[in-house]
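Asker: Below, each chain spelled out in residue letters.
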Amino acid sequence: MIGYIVRRLLIAVPVLFGVTVINFLIMRMAPGNPVDMLVSPKLPDAAREAKMIELGLHEPIYIQYWNWLKNLVVHQDLGYSMITYEPVTTMIWDRMGPTVLLMGVALILGLCIAIPVGIYSATKQYSKLDYVFVTGSFLGISIPNFFLALLLVYVFSIQLNWLPSGGMKELGSSGSVTTLIIHMILPLIVLVASVAGRNIRYVRSSMLEILGQDYLRTARAKGVKEFFVVNKHGMRNALIPIVTIIGLEIPILFGGAVVVEQIFSWPGIGQLTLSSIMNRDYSTLMGLNLVAAFVVIAANIVTDIAYAFVDPRIRKSYVGGSKR
Amino acid sequence: MKSLLNVKGLTTAFETENGKVISVDDVSFTLKYGETLALVGESGSGKSVTALSLMRLLGKRGKIERGDIQFDGASLQTVSEAQMQKLRGDELSMIFQEPMTALNPVFTIGHQLVEAIRLHVNIDKKEAKTLAQNMLDKVGIPNAARVMKQFPFSLSGGMRQRVMIAMALVCEPKLLIADEPTTALDVTVQAQIMRLMNQLCEEMGTAILLITHDLGVVAEMADRVIVMYAGQIVEETDVFTLFREPLHPYTQGLLASIPSMDFDDKELTAINGAIPANYQHLQGCRFANRCPLATEACRTSQPPLVEVVPGHKTRCFEWQQLQRGE
Numbered sequence: 011m012i013g014y015i016v017r018r019l020l021i022a023v024p025v026l027f028g029v030t031v032i033n034f035l036i037m038r039m040a041p042g043n044p045v046d047m048l049v050s051p052k053l054p055d056a057a058r059e060a061k062m063i064e065l066g067l068h069e070p071i072y073i074q075y076w077n078w079l080k081n082l083v084v085h086q087d088l089g090y091s092m093i094t095y096e097p098v099t100t101m102i103w104d105r106m107g108p109t110v111l112l113m114g115v116a117l118i119l120g121l122c123i124a125i126p127v128g129i130y131s132a133t134k135q136y137s138k139l140d141y142v143f144v145t146g147s148f149l150g151i152s153i154p155n156f157f158l159a160l161l162l163v164y165v166f167s168i169q170l171n172w173l174p175s176g177g178m179k180e181l182g183s184s185g186s187v188t189t190l191i192i193h194m195i196l197p198l199i200v201l202v203a204s205v206a207g208r209n210i211r212y213v214r215s216s217m218l219e220i221l222g223q224d225y226l227r228t229a230r231a232k233g234v235k236e237f238f239v240v241n242k243h244g245m246r247n248a249l250i251p252i253v254t255i256i257g258l259e260i261p262i263l264f265g266g267a268v269v270v271e272q273i274f275s276w277p278g279i280g281q282l283t284l285s286s287i288m289n290r291d292y293s294t295l296m297g298l299n300l301v302a303a304f305v306v307i308a309a310n311i312v313t314d315i316a317y318a319f320v321d322p323r324i325r326k327s328y329v330g331g332s333k334r
Numbered sequence: 010m011k012s013l014l015n016v017k018g019l020t021t022a023f024e025t026e027n028g029k030v031i032s033v034d035d036v037s038f039t040l041k042y043g044e045t046l047a048l049v050g051e052s053g054s055g056k057s058v059t060a061l062s063l064m065r066l067l068g069k070r071g072k073i074e075r076g077d078i079q080f081d082g083a084s085l086q087t088v089s090e091a092q093m094q095k096l097r098g099d100e101l102s103m104i105f106q107e108p109m110t111a112l113n114p115v116f117t118i119g120h121q122l123v124e125a126i127r128l129h130v131n132i133d134k135k136e137a138k139t140l141a142q143n144m145l146d147k148v149g150i151p152n153a154a155r156v157m158k159q160f161p162f163s164l165s166g167g168m169r170q171r172v173m174i175a176m177a178l179v180c181e182p183k184l185l186i187a188d189e190p191t192t193a194l195d196v197t198v199q200a201q202i203m204r205l206m207n208q209l210c211e212e213m214g215t216a217i218l219l220i221t222h223d224l225g226v227v228a229e230m231a232d233r234v235i236v237m238y239a240g241q242i243v244e245e246t247d248v249f250t251l252f253r254e255p256l257h258p259y260t261q262g263l264l265a266s267i268p269s270m271d272f273d274d275k276e277l278t279a280i281n282g283a284i285p286a287n288y289q290h291l292q293g294c295r296f297a298n299r300c301p302l303a304t305e306a307c308r309t310s311q312p313p314l315v316e317v318v319p320g321h322k323t324r325c326f327e328w329q330q331l332q333r334g335e
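First to last, the sequence lines map onto chains A and V.
Position in the first sequence (first residue = 1) + 10 = our numbering.
Position in the second sequence (first residue = 1) + 9 = our numbering.
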């Protein structure tokens, strides 16, 4: 098992390297550069040139990449933002907390809704409540994040004036837990709607498949109570495909953060990403890309490990693999 | 002696997209303590549904429409679902056809056995483990202590069926329902499993309701035989009479279909046709369209199940013709 994890981590290194190369190239293919954002268009060319040299943007593109990589590997440093001159590491680190908080709570809440609702829907297939849940889940999937967000802001912030339309705390206050929760409600509704919507369908179909299995009949024939037939014997098996889906949720949430954080001015990674793109803040973008790629790879590895926990057949193949 | 199981007029129906289908139609039989009764018939004849009706494991779509099941002196009809859960696995257990899929893939063999024990016997985990391991020994599983910790996927089909037998018999039930327990197994393993089941049930005094389409198995195991066709019992007698003097053309057809080793130039015989799809709406005998003896009377009215010879029932107008033919 440990051998397997080590191997997966080693494979992750070239993947991360590839991701940075591709990101660097794509970023540079986009028109504009940070200097345009920093200086007045009326400035003489010589001054622009000086700024370019100062930021290291005058060198050929492969040298620039090489410098970035060298800095990362040798000094474990992601450099400074080309716009604010803050260290990229600090910027990302400061923004990480709010994002992880929002996304983590959204994921947990979403699953807390999706798993019981999905199981109920599957066991009571074609009942009225099942139709309600399935329809609700389709709504959750189909309504675009930005639209639901704007709708909620319109209703609850503008019309009813019950909830703040954005931010994490009141301006000028230090922010208590209560205000944090109040600020989280609207973005959470948006995220949970899509997480729950997607996963209700997965849990339902996964459970439906399991409910027809012979071993549930065996469990009933042993005298196991129906509740445990479904929630122990059935659930443990239905979990196997669901674990994969949960693993995939993490990158989806990370990407979805860009839209939701922007609309609700949530001071997280997503907001930083969008503003860095607008400003052509190359060094910050490289750092953010690296983090995003790392999150995706880590989520995959964690999923595979969780897989082994829920499925003994896979556990065995891992053990067999590491001996080789 | 009083009988363990007394089924009277059992009628089970399933809701399907094309309306209600009656899978078991007015089936009555008795089973004595410790006796082995075989339920024979081709696929779709209603054998398995009869068994699942007894266990009350018909699922959402199936329902017992009529009939009474007396088990060990009590009517299973009046028993609540909670009481039924207590009976299942304790007083009456069941083994299924497919050992490869009958065990839960994510729990160890030990876990599944201990669960079966602790549902019905009030002992702690450690004692249950010892009991489970002893039971695995009894069903001839080598290295039972290790198998306890293994998952089903690492066992062969024959071994899994042994585990199923251990699980079904660990609480020493009064009745074991075995639904084609060896159909999915290698021929060499079949005989071992049958012998094992027989021997253990004899030790415990457990009666067996054996569902099969293999007449060889019937001859070896059963005391009495019920032949089912299209949801109905068509013949019932003891095992010797069945092979010597079958009094229903369907039974005769089944016996004739057993491949013979004596003449290698003989072609395999088969009963032509299949069970009619909408048999419940047929007016006459349900076997009439495949029967070599069918007359006009057979097509218009249904023959009743009659005890024509003491201990020998048949559902055929022309049974005397069969008797004379012998």
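The hints are simulated quantities; they were obtained by calculation from the structure and are not laboratory data.
Note that CB positions come from ideal geometry on N, CA and C, so glycine has one too.
Do not rely on the hints blindly, as some may be mistaken.
As the list claims (entries may be wrong) - Straight-line distance between alpha carbons at most 30 Å, and here's what the computed DSS-like set of lysine-lysine pairs gives:
#, chain 1, residue 1, chain 2, residue 2
1, V, K158, V, K41
2, V, K147, V, K135
3, A, K326, V, K138
4, A, K242, V, K138
5, V, K69, V, K29
6, V, K134, A, K235
7, V, K69, A, K138
8, A, K134, A, K52
9, V, K11, V, K72
10, A, K61, A, K138
11, V, K11, A, K242
12, V, K158, V, K147
13, V, K29, A, K138
14, V, K158, V, K138
15, V, K17, V, K183
16, A, K138, V, K72
17, A, K242, V, K41
18, V, K134, A, K326
19, A, K134, V, K41
20, V, K183, V, K95
21, V, K17, A, K242
22, V, K135, A, K326
23, V, K135, A, K235
24, V, K95, A, K242
Stated by the list, open to error - Residues from chain V that face chain A, not an exhaustive set, calculated with beta carbons under 10 Å:
#, residue
25, T110
26, T139
27, L140
28, L164
29, F326
30, Q329
Asker: Could you run down the list of hints and mark each one as holding or not?
Answerer: A quick look at each hint next to the structure:
Straight-line distance between C-alpha atoms of K158(V) and K41(V) comes to about 38 Å, which puts the hinted pair past the 30 Å bound. Taking the CA atoms of K147(V) and K135(V), the gap is about 19 Å. The hint holds against a cut of 30 Å. With a C-alpha separation of about 24 Å, the suggested pair K326(A) and K138(V) falls inside the 30 Å cut-off, and the hint holds. Of the pairs offered as hints, the one joining K242(A) and K138(V) holds, with about 20 Å between alpha carbons and a cut-off of 30 Å not exceeded.
In summary, the hint linking K69(V) to K29(V) is supported, as the alpha carbons are separated by about 13 Å, within the 30 Å threshold. A threshold of 30 Å between alpha carbons decides the hint, and for K134(V) with K235(A) the separation of about 19 Å falls inside it, so the pair holds. For a cut-off of 30 Å, the pair hint linking K69(V) to K138(A) stands: about 16 Å separates their Cα positions. For the hint pairing K134(A) with K52(A), the CA-to-CA distance comes to about 70 Å; that exceeds 30 Å, so the pair is violated.
Our distance criterion of 30 Å between C-alpha atoms is met by K11(V) and K72(V), whose separation comes to about 28 Å. Taken as a hint, the K61(A) and K138(A) pair is broken in the structure, with Cα atoms around 67 Å apart against an allowance of 30 Å. Restraint check: the Cα-Cα separation between K11(V) and K242(A) comes to about 40 Å, which exceeds 30 Å; the hinted pair is violated. Restraint check for K158(V) and K147(V): satisfied, since their Cα atoms lie roughly 17 Å apart, inside the 30 Å limit.
Simply put, K29(V) and K138(A) have alpha-carbon atoms about 22 Å apart, close enough for the 30 Å limit, and the pair holds. A distance of roughly 11 Å separates the Cα atoms of K158(V) and K138(V); the hinted pair therefore holds under the 30 Å criterion. This hinted pair checks out: K17(V) and K183(V) have alpha carbons roughly 19 Å apart, not beyond 30 Å. Simply put, K138(A) and K72(V) have alpha-carbon atoms about 22 Å apart, close enough for the 30 Å limit, and the pair holds.
Between K242(A) and K41(V) the CA atoms are separated by roughly 36 Å; this puts the pair beyond 30 Å, and the hint is violated. A threshold of 30 Å between alpha carbons decides the hint, and for K134(V) with K326(A) the separation of about 26 Å falls inside it, so the pair holds. For the suggested pair K134(A) and K41(V), the alpha carbons sit about 39 Å apart, so the restraint of at most 30 Å is broken. Between K183(V) and K95(V), the direct Cα distance comes to roughly 13 Å. Compliance with the 30 Å bound is thereby established for this hinted pair.
Distance hint between K17(V) and K242(A) is unfulfilled; the C-alpha atoms sit about 36 Å from each other, more than 30 Å. For a cut-off of 30 Å, the pair hint linking K135(V) to K326(A) stands: about 26 Å separates their Cα positions. For a cut-off of 30 Å, the pair hint linking K135(V) to K235(A) stands: about 22 Å separates their Cα positions. A distance of roughly 18 Å separates the Cα atoms of K95(V) and K242(A); the hinted pair therefore holds under the 30 Å criterion.
Interface hint at T110(V): satisfied, since its Cβ lies 4 Å from the closest Cβ of chain A, which is below the 10 Å cut-off. Interface hint status for T139(V): violated, as the beta-carbon distance to the closest one in chain A is roughly 19 Å, over 10 Å. Hint status for L140(V): violated, given a least beta-carbon distance of 15 Å to chain A, over 10 Å. Annotation: L164(V) was flagged as interfacial toward chain A, and the flag is violated, the nearest CB pair being 12 Å apart, outside 10 Å.
Annotation: F326(V) was flagged as interfacial toward chain A, and the flag is violated, the nearest CB pair being 39 Å apart, outside 10 Å. Interface hint at Q329(V): violated, since its Cβ lies 43 Å from the closest Cβ of chain A, which is beyond the 10 Å cut-off.
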